[in-house]
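Participant: What follows is the residue order along each chain.
Protein chains: 2
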Amino acid sequence: MNDLAQQLAATRLVSRHLGSLSGEAKDHVLNSIACSIEESGVTLLEYNRKDLAEARSQSSKALTNATLARMTLTQEKIEQMARSVRAVATLADPVGKILLCSELDEGLELKRITCPFGVIAAVVEARPDAVIQLSALAFKSGNALMIKAGSEISRTASALLGIFKSNFEAAGIPADATVMVKTREDLHELLKRHREIDLVVPRGSSELVRFVVENTSIPVMGHADGVCHIYVDAAADQNLAVSVILDSKVQAPGTCNAVETVLVDRGIAGEFVPKLFKLLQFGAVKVRGCEIARELCGGKIEMVAHEEWSTEYGTLVLAIRVVDGVKDAIGHINRYGSHHTDCIVTEDECNAARFLREVDSAGVFHNVSTRLADGYRYGFGAEVGISTGKLHARGPVGLEGLVTYKYLLTGRGQCVSHYVGPRARRFKHELTAGEMRSDSATSL
Amino acid sequence: MNDLAQQLAATRLVSRHLGSLSGEAKDHVLNSIACSIEESGVTLLEYNRKDLAEARSQSSKALTNATLARMTLTQEKIEQMARSVRAVATLADPVGKILLCSELDEGLELKRITCPFGVIAAVVEARPDAVIQLSALAFKSGNALMIKAGSEISRTASALLGIFKSNFEAAGIPADATVMVKTREDLHELLKRHREIDLVVPRGSSELVRFVVENTSIPVMGHADGVCHIYVDAAADQNLAVSVILDSKVQAPGTCNAVETVLVDRGIAGEFVPKLFKLLQFGAVKVRGCEIARELCGGKIEMVAHEEWSTEYGTLVLAIRVVDGVKDAIGHINRYGSHHTDCIVTEDECNAARFLREVDSAGVFHNVSTRLADGYRYGFGAEVGISTGKLHARGPVGLEGLVTYKYLLTGRGQCVSHYVGPRARRFKHELTAGEMRSDSATSL
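Protein sequences appear in the order of chains X and S.
Read in the numbering used here, the first sequence has 316 at position 312, and its numbers run on one by one without any break.
Read in the numbering used here, the second sequence has 275 at position 271, and its numbers run on one by one without any break.
Note that these hints are calculated values from the structure, not bench results.
Be aware that a few hints might be false.
No copy is singled out in the list; a pair is fine if it fits within one copy or between any two copies.
Straight-line alpha carbon distances no greater than 20 angstroms define the calculated EDC-like cross-link-like pairs of lysine to aspartate or glutamate that follow [stated by the list, open to error]:
| id | residue 1 | residue 2 |
| --- | --- | --- |
| 1 | K304 | E434 |
| 2 | K290 | E189 |
| 3 | K115 | E404 |
| 4 | K81 | D328 |
| 5 | K115 | D378 |
| 6 | K282 | E299 |
| 7 | K115 | E387 |
| 8 | K331 | E129 |
| 9 | K432 | D109 |
| 10 | K432 | D378 |
| 11 | K282 | E434 |
| 12 | K304 | E351 |
| 13 | K331 | E200 |
| 14 | K432 | E129 |
| 15 | K279 | E295 |
| 16 | K304 | E353 |
| 17 | K290 | E316 |
| 18 | K186 | E312 |
| 19 | K196 | E50 |
| 20 | K282 | E129 |
| 21 | K196 | E218 |
| 22 | K282 | D241 |
| 23 | K101 | E404 |
| 24 | K290 | E113 |
| 25 | K432 | E387 |
| 26 | K115 | E353 |
| 27 | K290 | E387 |
| 28 | K196 | D241 |
Quick caveat, the model's predicted, so the values are computed rather than measured.
Looking at chain X on its own, in the form it has when it is part of the complex:
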């Protein structure tokens, strides 16, 4: 057994223990981690400076300014990290929730109860805040964590995980509960361990997510692309449409929930497209489009080639296509979109209902900015990620996305043979409806 395999075996064993911790115990540890982060400010800044110096010196890597900014710690960011850990502590414990309770027969009780996945592998880029957030969320949900951070922040990430580990040990929790995966080779190996890793959570660029998806048979929670659409219906409030489009494109063009394509009903295209084009130019947005849109923009935009409709520009570029009504718009979105978030702007309730029903995306919006697709704005407290898969969690995923459930059946010797044949007992199936909590995770 190599080092990684040994580590994985140890972490897998610890994961059993984590599922038994009470919510109070976990929150206590998280709060002390938050204090330690604040107290370790000087040390953290020092490790971070070394990471930064090395990153700058390796001209071969040519890190962008955005990457350097994201990996740079400041006193303010350290305080923000501590706050984010405390925020996770305030969330309800997702483990041990009784989702269903049914008396199948006298003395034969079935419970569906939430439980951790076990071991989660997280892959993040060179972002110290992502390391902190995923470590806190994994611990709160009772999961052990193997985390690979961008190698540019290896010292910073290691120091941050060190804070988790020392607080774990002070609370009698094995330090193997949160483990740093150091090399790309180890990550490759990890992604092959489908018997030992229960879930992979990649957070970062679509390249990162695609790399993970293509290199593992373990379930992945995440999304590669955010090709979001806004359809402007003939019955749209056009001023509302313009402001929703501008917010969806300009407010943060690099995010996955920014809009990439605007579809405009043919009936209003002659009026709306030139107006929109002017305002987009004013907002420094580069416009591209279909042939009709190009004509309506006085030939001043580039044409979009067939396969380009599936492109996530991720910058101040927007494509416009003229379509024949809501049915055509739905067809375009379901074909070229990435099932992330799509919006209709209309005052026609009938078209809105059809759009909401038939668009096959995690978020389907009516008269609002696509940028609102976000765990915090949805009120989930913390966002593990946004999922475009249809199994398990879809859309913005909070803490509940890191737990699964199992069925517990308890009785006093009931056998299937009692329920078959001429003198068979009958099941009662008496449901105790609704969600509730078991008194404590350990009493389950």
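Since chain X is already given, all that's left is putting chain S on it; use the hints.
Facilitator: Just chain S now, kept in the frame of chain X:
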């Protein structure tokens, strides 16, 4: 585009329509399908006779008696199929359930609402009843279905789907909603279509499931193996243990929830193992075991080799291993088991609680037969399958396993820019708690 691709495109388009059907409309169609099945008895029996004649004549295939029995229709089985379709009609509509409703801000409403997957591919063996059941469940859950049945029942399956199609058409639903996949080549092609197929449901032998899992990147709902355990604790009621073990092994040894390995605590092994061995021999069960178990059985059983502990015998064979208490038992189960269903027999509540908590399986039982792991016995009305995956549905899966959800956000022009900066509005996040139904699927 070849035939299959054309069919798939048509089915995908129809699937949008299916999600909009009301529960009443679907139940009406299902009830008329049930009547048509009863009325078509003579025709169905005729097609089935042709299938059987061909199957018997192809000696190269050497079908077992069990397979022949399963593929044979009788008047009674036809009536049973009609009843099973009526039973699906009585289930609550799984589509359009509002799982969460939150007023994020005044006039900004978020709903999490159940919706169909879209297109489901089902793969079943030569079982007419499985064809009927999956077709009914897929339709009730608003999904289009591409179904491949064992080629031995091609005429029977085609006639059964014909009944669905003609009833669909009579109700104004395109016949493409349920499509038969005829060849193995088409199935292979289908399993590659991850952009067009949302979920694969294989029902049948573990070979079938493994074939599907290994040949697709589409999410699969199912389980390949059922390696179930019963752990007999030192504090067990030994008579209860014996009856639970016998029921779990003998009542239906070929099923996935039958027990394969019994673990016995060392403290009672000397007394319990010889007693169990005698009763198992009486029940014609062939016993195998670890070295200690072998000694306790007077050397009369074969030893189990290391890797054999993960074997699903699927017949009247049982392995016995002596372990050092509950911790050791949990370790064995999590290592060698298939995360299906595992049981502890004990009067010690503390050991029971630990077992229920730490065993990483879809079903974890206390003092009851593993054979109780079943959708009907759990009270789910109809079973789509048993899942050992941790994402989405786990354990016996009812109709709810065939739907996913999406987020609908409706407002009047709200933008992210309203919620940032010095004059930012604040979110309310006012939850309307609990589950409810939208008045009708079409009013969503």
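Participant: Now tell me, hint by hint, if it's right for this structure.
Facilitator: Hints, verified against the model:
Taking the shortest Cα distances, K304 and E434 never come within 20 angstroms of each other, neither inside one copy (68 angstroms) nor across copies (46 angstroms). In this assembly of identical chains, K290 and E189 lie within 20 angstroms of each other by CA distance neither inside one copy nor across copies; the values are 41 angstroms within and 46 angstroms between. In this homomeric assembly, K115 and E404 come within 20 angstroms of each other (Cα to Cα) both inside a single copy, at 18 angstroms, and across copies, at 17 angstroms. In this assembly of identical chains, K81 and D328 lie within 20 angstroms of each other by CA distance neither inside one copy nor across copies; the values are 49 angstroms within and 50 angstroms between.
Proximity of K115 to D378 under the C-alpha cut-off of 20 angstroms is restricted to the inter-copy arrangement: shortest distance 14 angstroms between copies versus 32 angstroms within a copy. Taking the shortest Cα distances, K282 and E299 sit within 20 angstroms of each other inside one copy (14 angstroms), while across copies they are farther apart (88 angstroms). Taking identical chains as interchangeable, the C-alpha atoms of K115 and E387 lie at most 20 angstroms apart only when they sit on different chains, with a minimum of 17 angstroms there against 28 angstroms within one chain. Within a single copy, K331 and E129 get their C-alpha atoms no closer than 40 angstroms, and across copies no closer than 38 angstroms, so neither meets the 20 angstroms cut-off.
With identical chains, the CA atoms of K432 and D109 are at most 20 angstroms apart within one copy only, with a shortest distance of 5 angstroms there and 44 angstroms across copies. When the C-alpha separation of K432 and D378 is checked against a cutoff of 20 angstroms, the pair qualifies only between copies, where the shortest distance is 15 angstroms, while the shortest distance within a copy is 43 angstroms. Taking the shortest alpha-carbon separations for K282 and E434, neither the intra-copy value of 64 angstroms nor the inter-copy value of 39 angstroms comes in at or below 20 angstroms. Taking the shortest alpha-carbon separations for K304 and E351, neither the intra-copy value of 31 angstroms nor the inter-copy value of 81 angstroms comes in at or below 20 angstroms.
In the homo-oligomer, the alpha carbons of K331 and E200 lie at most 20 angstroms apart only across protomers (19 angstroms), although the nearest pairing inside one protomer, at 46 angstroms, exceeds that limit. Neither within a single protomer nor between protomers do K432 and E129 lie at most 20 angstroms apart by alpha-carbon distance, with minima of 53 angstroms and 33 angstroms respectively. With identical chains, the CA atoms of K279 and E295 are at most 20 angstroms apart within one copy only, with a shortest distance of 17 angstroms there and 83 angstroms across copies. For the homomeric pair K304 and E353, neither the shortest alpha-carbon distance inside one copy (35 angstroms) nor that between copies (76 angstroms) is at most 20 angstroms.
In this homomeric assembly, K290 and E316 come within 20 angstroms of each other (Cα to Cα) only inside a single copy, at 14 angstroms, whereas the closest approach across copies is 61 angstroms. For the homomeric pair K186 and E312, neither the shortest alpha-carbon distance inside one copy (37 angstroms) nor that between copies (35 angstroms) is at most 20 angstroms. Proximity of K196 to E50 under the C-alpha cut-off of 20 angstroms is found in neither arrangement, the shortest distances being 35 angstroms within a copy and 50 angstroms between copies. Within a single copy, K282 and E129 get their C-alpha atoms no closer than 37 angstroms, and across copies no closer than 61 angstroms, so neither meets the 20 angstroms cut-off.
For a Cα distance limit of 20 angstroms, the shortest separation of K196 from E218 qualifies both inside one copy, at 11 angstroms, and across copies, at 14 angstroms. In this assembly of identical chains, K282 and D241 lie within 20 angstroms of each other by CA distance solely inside one copy; the values are 18 angstroms within and 81 angstroms between copies. Taking CA atoms no more than 20 angstroms apart as the test, K101 paired with E404 passes in both settings, with 10 angstroms inside one copy and 19 angstroms between copies. Taking the shortest alpha-carbon separations for K290 and E113, neither the intra-copy value of 62 angstroms nor the inter-copy value of 32 angstroms comes in at or below 20 angstroms.
Proximity of K432 to E387 under the C-alpha cut-off of 20 angstroms is restricted to the inter-copy arrangement: shortest distance 18 angstroms between copies versus 40 angstroms within a copy. For the homomeric pair K115 and E353, the shortest alpha-carbon distance between copies (17 angstroms) is at most 20 angstroms, but the shortest distance inside one copy (41 angstroms) is not. Taking the shortest alpha-carbon separations for K290 and E387, neither the intra-copy value of 31 angstroms nor the inter-copy value of 53 angstroms comes in at or below 20 angstroms. In this assembly of identical chains, K196 and D241 lie within 20 angstroms of each other by CA distance neither inside one copy nor across copies; the values are 52 angstroms within and 43 angstroms between.
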